[in-house]
Amino acid sequence: MNKKMNILMFSGEYDKALAALILANSGKQMGIDVTMFFTFWGLCLVRDPKKISDEDKSAYEKMFANLTPKGIEESPLSKMNFAGVGKKMLLEMMEENDTPSIVDFLNGAIKKGVKLYGCKLSLEIMGFKEDELLKEVKIITAEEYLKNALESDIQLFI
Amino acid sequence: MNKKMNILMFSGEYDKALAALILANSGKQMGIDVTMFFTFWGLCLVRDPKKISDEDKSAYEKMFANLTPKGIEESPLSKMNFAGVGKKMLLEMMEENDTPSIVDFLNGAIKKGVKLYGCKLSLEIMGFKEDELLKEVKIITAEEYLKNALESDIQLFI
Amino acid sequence: MNKKMNILMFSGEYDKALAALILANSGKQMGIDVTMFFTFWGLCLVRDPKKISDEDKSAYEKMFANLTPKGIEESPLSKMNFAGVGKKMLLEMMEENDTPSIVDFLNGAIKKGVKLYGCKLSLEIMGFKEDELLKEVKIITAEEYLKNALESDIQLFI
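For the record, the sequence lines run as chains A, B and C. Using this note's numbering, the final residue of the first sequence is 558, and nothing's skipped along the way. Using this note's numbering, the final residue of the second sequence is 558, and nothing's skipped along the way. Using this note's numbering, the final residue of the third sequence is 558, and nothing's skipped along the way.
What the hints contain is simulated information worked out from the structure, not anything from laboratory work. It is possible that some hints are incorrect.
One copy or two, it doesn't matter: identical chains are merged, so the pair holds either way.
[To be verified] In silico EDC-like links for lysine to aspartate or glutamate, alpha-carbon gap of 20 Å or less:
1) 404 / 498
2) 487 / 531
3) 538 / 492
4) 479 / 455
5) 488 / 553
6) 403 / 448
7) 547 / 492
8) 403 / 551
9) 451 / 433
10) 404 / 544
11) 488 / 524
12) 457 / 492
13) 529 / 492
14) 512 / 524
15) 457 / 504
16) 535 / 495
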C-alpha cells in the first residue's frame with residue numbers, strides 16, 4: 401500500500417496499549433508500514449520480565465524499576481483499575497468474547513513486522529537498560545522518531 | 401474546503417470529550433469534513449441513557465455496564481474530579497461564561513454532520529450493544545477507521 | 401527543512417509536558433517549524449507564577465485558580481505521583497543523568513522560536529486571564545489552531 405503509520409506510545413497502560421496494538425496489527429494486515437516508538441511509561445510495555453536486573457542502577461533507579469510494571473501483562477488500566485479488579489473484569493470479558501490477549505497482539509505485531517523503537521533519553525531518565533527490553537526493540541533518539549513521523553501518513557500520540 | 405479531520409476518541413472523560421467536540425464543531429464551521437471514531441471508554445460518551453438494557457449480557461458485562469458512565473453527561477473529569485466536585489465547579493464556570501454545555505456541542509456536531517463511528521471490537525469487549533448507542537453512531541472495524549484516517553489531513557488520538 | 405509540527409497540549413502534567421517539550425526542542429534543532437497550542441489543563445503549564453492574580457475573578461474562578469498548578473514546575477506526574485514522591489524520584493533520576501530540567505526545556509523552546517499559543521475558549525472556561533500567562537503565549541481560537549494544524553506535517557494531541 402506504500403502508506404505509513406507512526407505511533408508514539410507514551411502511556412504504559414493496558415487499555416491504551418491494547419488500542420495501539422489493535423491499530424498496529426490491523427494496519428499491517430492492510431499493508432501499512434507500522435512503527436511504534438516507546439517513551440516514558442510506554443517503555444514498561446516492552447520490558448522483558450525475564451531480563452530485568454538491578455545491576456548498574458542507582459538507589460532511585462532500583463526503586464523506580466520495582467514500582468513500575470515489569471512488562472505488558474502487568475500494566476494497569478488507565479481507568480477503573482480498582483487495584484486490579486477492573487482489569488480482571490476486562491480480561492474476563494475479553495475471554496468470554498474470545499478476544500486475543502494483549503500478549504497475542506504484541507507477538508502478532510512483532511511477527512507481522514511492526515517496527516519497535518525505544519526512546520534513548522526516556523530510557524536514561526527512567527534508569528532502564530537496553531538489554532532489559534524485548535530484543536526486538538531498537539533504541540533511537542527523538543530526532544530519529546521525528547524523521548520517521550515526518551514520513552508517515554498517520555501519527556498518533558497514545 | 402476539501403480537508404478532512406479524523407478524531408479517535410479513546411477517552412471517556414468530560415474534559416477530553418469537550419475538547420474533541422469543540423474541535424469537531426469548529427472544523428465543520430470551517431468546512432472541514434470531520435469524523436469521530438469512538439473506542440473503549442469513548443464508547444461511554446455515545447451511549448444513549450434511554451436505551452441501556454441488561455438483555456443478552458453476561459454477569460461481567462452487566463456489572464461493567466453499571467460501573468461505566470451512561471452517556472456523555474455522566475462522564476467524569478480526567479483530572480481534579482474530586483468525586484464530582486471538580487466537575488461541578490467546571491460546569492458552574494462554564495455557565496458563568498455562557499459556554500454551551502457538552503450536550504449542546506454533541507448535538508451541534510450531529511446537526512452539522514460530523515460522522516460518528518463506534519469500534520466493533522471495543523463494543524464486543526465492553527459488552528455494549530449497538531442499539532444502546534445514539535442512533536447516529538455507525539459501527540465499523542479498526543481497518544475502516546484506518547482507511548478513513550489515511551485519507552485525513554489531521555488525525556488525533558484523544 | 402520546510403516541515404511543520406503542531407502539538408495540541410491538553411494535559412497539564414509534568415511527564416507529558418516533558419515529552420512534548422523534548423519533541424519541540426528536537427524538532428527545532430532539525431529545522432522543523434514547531435507550534436504548541438495550550439488548552440484546558442495545558443494552560444497551567446504556561447501560567448507565569450509571578451503574575452497570577454485574583455482580580456476580576458468570580459468565586460469559582462478564584463477557587464479553581466488556587467487548586468491548579470501555578471506554572472510548569474508545579475505540574476504533577478500523570479502516573480505514580482504519590483502526592484509528589486514519585487515526581488521527586490523522577491527529578492532525582494533526571495539530575496543523576498544530567499538531564500536538563502523542564503524549565504530548561506521550556507526556555508530552550510522559547511529561545512529556539514517554538515510558537516506558543518493559548519486557547520481562547522479554554523482560557524475563558526478556566527477563568528485564567530491572558531496577562532497571567534507567560535508573555536510569549538498568544539491567544540488564538542480553535543479555528544486558528546485548526547488552520548495551523550491543517551498546514552502541519554505532524555499533529556499530536558498530548
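Hints, one by one, checked against the model:
Proximity of residue 404 to residue 498 under the C-alpha cut-off of 20 Å is found in neither arrangement, the shortest distances being 29 Å within a copy and 35 Å between copies. Within a single copy, residue 487 and residue 531 get their C-alpha atoms no closer than 29 Å, and across copies no closer than 26 Å, so neither meets the 20 Å cut-off. In this homomeric assembly, residue 538 and residue 492 never come within 20 Å of each other (Cα to Cα): the closest approach is 33 Å inside a single copy and 26 Å across copies. When the C-alpha separation of residue 479 and residue 455 is checked against a cutoff of 20 Å, the pair qualifies neither within a copy, at 34 Å, nor between copies, at 25 Å.
Proximity of residue 488 and residue 553 under a CA criterion of 20 Å is satisfied in neither setting, with 36 Å inside one chain copy and 38 Å between copies. In this assembly of identical chains, the alpha carbons of residue 403 and residue 448 never lie at most 20 Å apart, being 30 Å within a copy and 36 Å across copies at closest. With identical chains, the CA atoms of residue 547 and residue 492 are never at most 20 Å apart, being 40 Å at best within one copy and 31 Å at best between copies. Taking the closest pair of Cα atoms, residue 403 and residue 551 come within 20 Å of each other both inside a single copy (9 Å) and across two copies (11 Å).
For the identical chains of this complex, residue 451 and residue 433 are neighbours neither inside a copy (29 Å) nor across copies (40 Å), given an alpha-carbon limit of 20 Å. Both within a single protomer and between protomers do residue 404 and residue 544 lie at most 20 Å apart by alpha-carbon distance, with minima of 15 Å and 16 Å respectively. For a Cα distance limit of 20 Å, the shortest separation of residue 488 from residue 524 across copies, 16 Å, qualifies, whereas the shortest one inside one copy, 32 Å, does not. Taking the closest pair of Cα atoms, residue 457 and residue 492 come within 20 Å of each other only across two copies (13 Å); inside a single copy the shortest separation is 37 Å, beyond that limit.
In this homomeric assembly, residue 529 and residue 492 come within 20 Å of each other (Cα to Cα) only across copies, at 18 Å, whereas the closest approach inside a single copy is 34 Å. Within a single copy, residue 512 and residue 524 get their C-alpha atoms no closer than 29 Å, and across copies no closer than 24 Å, so neither meets the 20 Å cut-off. Within a single copy, residue 457 and residue 504 get their C-alpha atoms no closer than 31 Å, and across copies no closer than 26 Å, so neither meets the 20 Å cut-off. Neither within a single protomer nor between protomers do residue 535 and residue 495 lie at most 20 Å apart by alpha-carbon distance, with minima of 28 Å and 28 Å respectively.
Of the numbered hints listed earlier, those contradicted by the structure are 1, 2, 3, 4, 5, 6, 7, 9, 14, 15, 16.
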